[in-house]
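Quick mapping for you: the protein sequence lines, in order, are chains A and B. Residue numbers for the first sequence follow the working numbering, beginning at 260 and rising by one. Residue numbers for the second sequence follow the working numbering, beginning at 260 and rising by one.
Heads up, some of the hints might be wrong.
Any copy will do: because identical chains look the same in the list, a pair fits if it lies in one copy or spans two.
As the list claims (entries may be wrong) - Capping the alpha-carbon separation at 30 angstroms, the derived lysine-lysine pairs in DSSO-like fashion look like this:
no.: 1; residue 1: Lys-381; residue 2: Lys-340
no.: 2; residue 1: Lys-626; residue 2: Lys-468
no.: 3; residue 1: Lys-436; residue 2: Lys-468
no.: 4; residue 1: Lys-415; residue 2: Lys-591
no.: 5; residue 1: Lys-415; residue 2: Lys-637
no.: 6; residue 1: Lys-415; residue 2: Lys-436
no.: 7; residue 1: Lys-443; residue 2: Lys-470
no.: 8; residue 1: Lys-468; residue 2: Lys-381
no.: 9; residue 1: Lys-436; residue 2: Lys-390
no.: 10; residue 1: Lys-443; residue 2: Lys-468
no.: 11; residue 1: Lys-390; residue 2: Lys-443
no.: 12; residue 1: Lys-390; residue 2: Lys-511
no.: 13; residue 1: Lys-576; residue 2: Lys-591
no.: 14; residue 1: Lys-390; residue 2: Lys-468
no.: 15; residue 1: Lys-342; residue 2: Lys-576
no.: 16; residue 1: Lys-415; residue 2: Lys-390
Read the hints as simulated data drawn from the structure, not as lab findings. These figures come from a predicted structure and were not determined experimentally.
There are 2 protein chains.
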Amino acid sequence: MKLSPLFIFSFFLLSFLISCTPNSNQNNEEQINTTQDSSNTIQNTDNQNEKIADNFGIVIHGGAGTILRENMTPEKEAEYKAKLEEAIRTGHKILAEGGSSLDAVEATIRIMEDSPLFNAAKGAVFTADEKNELDASIMNGADKAAGAIAGVTTVKNPISLARQVMENSPHVMMAGKGAEIFAKARGLELVSPDYFYTQSRFDALQKVKAKDENAVELDHDEDSTKKDQTNFYDPTIKDSKFGTVGCAALDKNGNLAAGTSTGGMTNKKYGRVGDAPIIGAGTYANNATCAVSSTGWGEFFIRNIVAYDISAMIEYKNITLAEAAKEVIQNKLPALGGNGGIIAIDKNGNVVMEFNTAGMYRASMNKDGELYIGIYEK
Amino acid sequence: MKLSPLFIFSFFLLSFLISCTPNSNQNNEEQINTTQDSSNTIQNTDNQNEKIADNFGIVIHGGAGTILRENMTPEKEAEYKAKLEEAIRTGHKILAEGGSSLDAVEATIRIMEDSPLFNAAKGAVFTADEKNELDASIMNGADKAAGAIAGVTTVKNPISLARQVMENSPHVMMAGKGAEIFAKARGLELVSPDYFYTQSRFDALQKVKAKDENAVELDHDEDSTKKDQTNFYDPTIKDSKFGTVGCAALDKNGNLAAGTSTGGMTNKKYGRVGDAPIIGAGTYANNATCAVSSTGWGEFFIRNIVAYDISAMIEYKNITLAEAAKEVIQNKLPALGGNGGIIAIDKNGNVVMEFNTAGMYRASMNKDGELYIGIYEK
Chain A
260 MKLSPLFIFS FFLLSFLISC TPNSNQNNEE QINTTQDSSN TIQNTDNQNE KIADNFGIVI
320 HGGAGTILRE NMTPEKEAEY KAKLEEAIRT GHKILAEGGS SLDAVEATIR IMEDSPLFNA
380 AKGAVFTADE KNELDASIMN GADKAAGAIA GVTTVKNPIS LARQVMENSP HVMMAGKGAE
440 IFAKARGLEL VSPDYFYTQS RFDALQKVKA KDENAVELDH DEDSTKKDQT NFYDPTIKDS
500 KFGTVGCAAL DKNGNLAAGT STGGMTNKKY GRVGDAPIIG AGTYANNATC AVSSTGWGEF
560 FIRNIVAYDI SAMIEYKNIT LAEAAKEVIQ NKLPALGGNG GIIAIDKNGN VVMEFNTAGM
620 YRASMNKDGE LYIGIYEK
Chain B
260 MKLSPLFIFS FFLLSFLISC TPNSNQNNEE QINTTQDSSN TIQNTDNQNE KIADNFGIVI
320 HGGAGTILRE NMTPEKEAEY KAKLEEAIRT GHKILAEGGS SLDAVEATIR IMEDSPLFNA
380 AKGAVFTADE KNELDASIMN GADKAAGAIA GVTTVKNPIS LARQVMENSP HVMMAGKGAE
440 IFAKARGLEL VSPDYFYTQS RFDALQKVKA KDENAVELDH DEDSTKKDQT NFYDPTIKDS
500 KFGTVGCAAL DKNGNLAAGT STGGMTNKKY GRVGDAPIIG AGTYANNATC AVSSTGWGEF
560 FIRNIVAYDI SAMIEYKNIT LAEAAKEVIQ NKLPALGGNG GIIAIDKNGN VVMEFNTAGM
620 YRASMNKDGE LYIGIYEK
């Protein structure tokens, strides 16, 4: 802490000399549609004491992975785009009417949870035990309150349970049966576990199981870590995507929020918990920096504390959201062997959708109602 | 990222001018016993390319909270100190003989798990359902591999299961029954749930329940968050400490590791998961920065991503471990209302034991075998 003034002084000294600021709007090509829309607000919002009336925005993802144009039919593609649009318009409407980013995040994610197209709630992938175990988390950037649930099997909308944990319990995270007892106590809609069943996800599990019988049998004598990891490199699993839906939003009051919901990984075993319910890995929001939701190979997102790392870089290195997201997703994550992506929005309304996979279902909408929808890398 | 060279340049320019480096050894009074021991190594290790032969160290905690001298008998105090010493000498011996920091962390934590004095494994606190639900995590600074388990009830040494998850599964985190099935598959020692029973912890639960009957009944009409939080301000709970044991170590090969194990909070409900099994909150290790284990009011440690935040500050703000730990524990955590502490060791062997509670059971030992043991603040 002691040296901060030195850094600040040296920074301003050199900034002045070469006329360069760290908040210069550096956006990569990927986000050109959305950042152009939001860049005009940056000049007005550098002064944090000034109320940023009217600026708001929302961004979502529906999972990253090997999503290839050649594997997609025009009908399927249209279906995904329509659902992404329905979801983002739901949240955008709430924001436009002056609603909170938390309300927007929850309502938007519920639309995707209710759709069998995404790996969250209805349409979740199956565990090795042929169950659907659901994880979700939500965070409020205004007070850094957070809620998360892991391994629930009867809660129709896990994101709403995560919000209940945040707002109506002293806890941040609940798991398994205990979380379901809490859901019942809070009057959330419960469903029979077969509500989450979809034929295509069940078929995907059988396909993976047939290909990888050995994944369950851990071998004491070999380096079974490496062996098991082939599980995740299996193209079948990549094709069935490692799912997750997420949303990040900025409301008119300058409050950020983020949420994430998932069925996890096909054929997951041993009560595996991925990054989606881990605050700092799958979800993070802080009004001083940004709101982030992750999707990808969860184990690497946990080890890299991906969502918080992006916020920490903005706060401590004074770089932009786009720069921080690029560093984490394109450099730090692949360095360990992980893949996936994030969507995020910063306190000024700048949106980023960064991923290192062949595709990521994604959409964003700014305060002017300009809509961006993407599936593939290009 | 773009501006890093600018920062580096400006930093060196000004460092040169005023002869000041950001790695100057600023330690707070609390750590005077241990940092003096390790400070003589700093000058030799600024060059990261140079092999730091022979330097090593270890630090542990056995929980933070309202530990007051007036509530302690000389016999009880001697018992705690003896067990802390036994634990730290176990890990120190491994390190002195050239063993890995991971081995030292696991062996040290097992000693504390096996002791009824601490809130981990044997001697864990009780849930509202009168069960002992155990959480643990471990992280390897060399490759940022990590393992964590939550809510197990039959595994004698949760820290060893966390290590098995890290080394012999493709997952980072497992919860509940699934984690126990994995433990069995890996041949770990399983015990009957009543192995963890201790009369004093059971009595503590009854005392808390009698005082706070309403904590279970959530009220839809009121701000029940606030009401429930009084649960944690209850002096009885503070007296029964919110437990957790942890260890961080640096071995002769320059590898850092950290681990944490806990029974969670007395009277916890709904499958509550605290920070101990959350990588980045309860445990973090990275050879480039430091290894950290947390103890305290878990919900706040999760929301602050405490363990990783300390590492991030060292990496991104170029401050010392002592400065980063102080900022997080004395400023950021209390700002949200949380309390507790951390123990940590950095890549140069500097040790920190920072807490904002009345006491923290703690000990450290450096490469010269110099031992520090502490309980109270002063």
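Verification of the supplied hints:
Proximity of Lys-381 to Lys-340 under the C-alpha cut-off of 30 angstroms is restricted to the intra-copy arrangement: shortest distance 18 angstroms within a copy versus 54 angstroms between copies. Taking CA atoms no more than 30 angstroms apart as the test, Lys-626 paired with Lys-468 passes in neither setting, with 46 angstroms inside one copy and 50 angstroms between copies. Taking CA atoms no more than 30 angstroms apart as the test, Lys-436 paired with Lys-468 passes in both settings, with 27 angstroms inside one copy and 21 angstroms between copies. Taking identical chains as interchangeable, the C-alpha atoms of Lys-415 and Lys-591 are never at most 30 angstroms apart, the minima being 35 angstroms within one chain and 36 angstroms between chains.
In this assembly of identical chains, the alpha carbons of Lys-415 and Lys-637 never lie at most 30 angstroms apart, being 34 angstroms within a copy and 52 angstroms across copies at closest. For the homomeric pair Lys-415 and Lys-436, the shortest alpha-carbon distances inside one copy (15 angstroms) and between copies (22 angstroms) are both at most 30 angstroms. Within a single copy, Lys-443 and Lys-470 get their C-alpha atoms only as close as 39 angstroms, which misses the 30 angstroms cut-off; across copies the closest is 25 angstroms, which meets it. With identical chains, the CA atoms of Lys-468 and Lys-381 are at most 30 angstroms apart within one copy only, with a shortest distance of 21 angstroms there and 38 angstroms across copies.
In this assembly of identical chains, the alpha carbons of Lys-436 and Lys-390 lie at most 30 angstroms apart whether taken from the same copy (14 angstroms) or from different copies (14 angstroms). Taking CA atoms no more than 30 angstroms apart as the test, Lys-443 paired with Lys-468 passes between copies only; the shortest distance there is 22 angstroms, against 34 angstroms inside one copy. Proximity of Lys-390 to Lys-443 under the C-alpha cut-off of 30 angstroms is found in both arrangements, the shortest distances being 20 angstroms within a copy and 21 angstroms between copies. In the homo-oligomer, the alpha carbons of Lys-390 and Lys-511 never lie at most 30 angstroms apart, since the shortest distance is 40 angstroms inside one protomer and 46 angstroms across protomers.
When the C-alpha separation of Lys-576 and Lys-591 is checked against a cutoff of 30 angstroms, the pair qualifies both within a copy, at 16 angstroms, and between copies, at 18 angstroms. Taking CA atoms no more than 30 angstroms apart as the test, Lys-390 paired with Lys-468 passes inside one copy only; the shortest distance there is 14 angstroms, against 35 angstroms between copies. In this homomeric assembly, Lys-342 and Lys-576 never come within 30 angstroms of each other (Cα to Cα): the closest approach is 37 angstroms inside a single copy and 42 angstroms across copies. Taking the closest pair of Cα atoms, Lys-415 and Lys-390 come within 30 angstroms of each other both inside a single copy (14 angstroms) and across two copies (28 angstroms).
In summary, the structure is inconsistent with hints 2, 4, 5, 12, 15 from the numbered list given earlier, while agreeing with the others.
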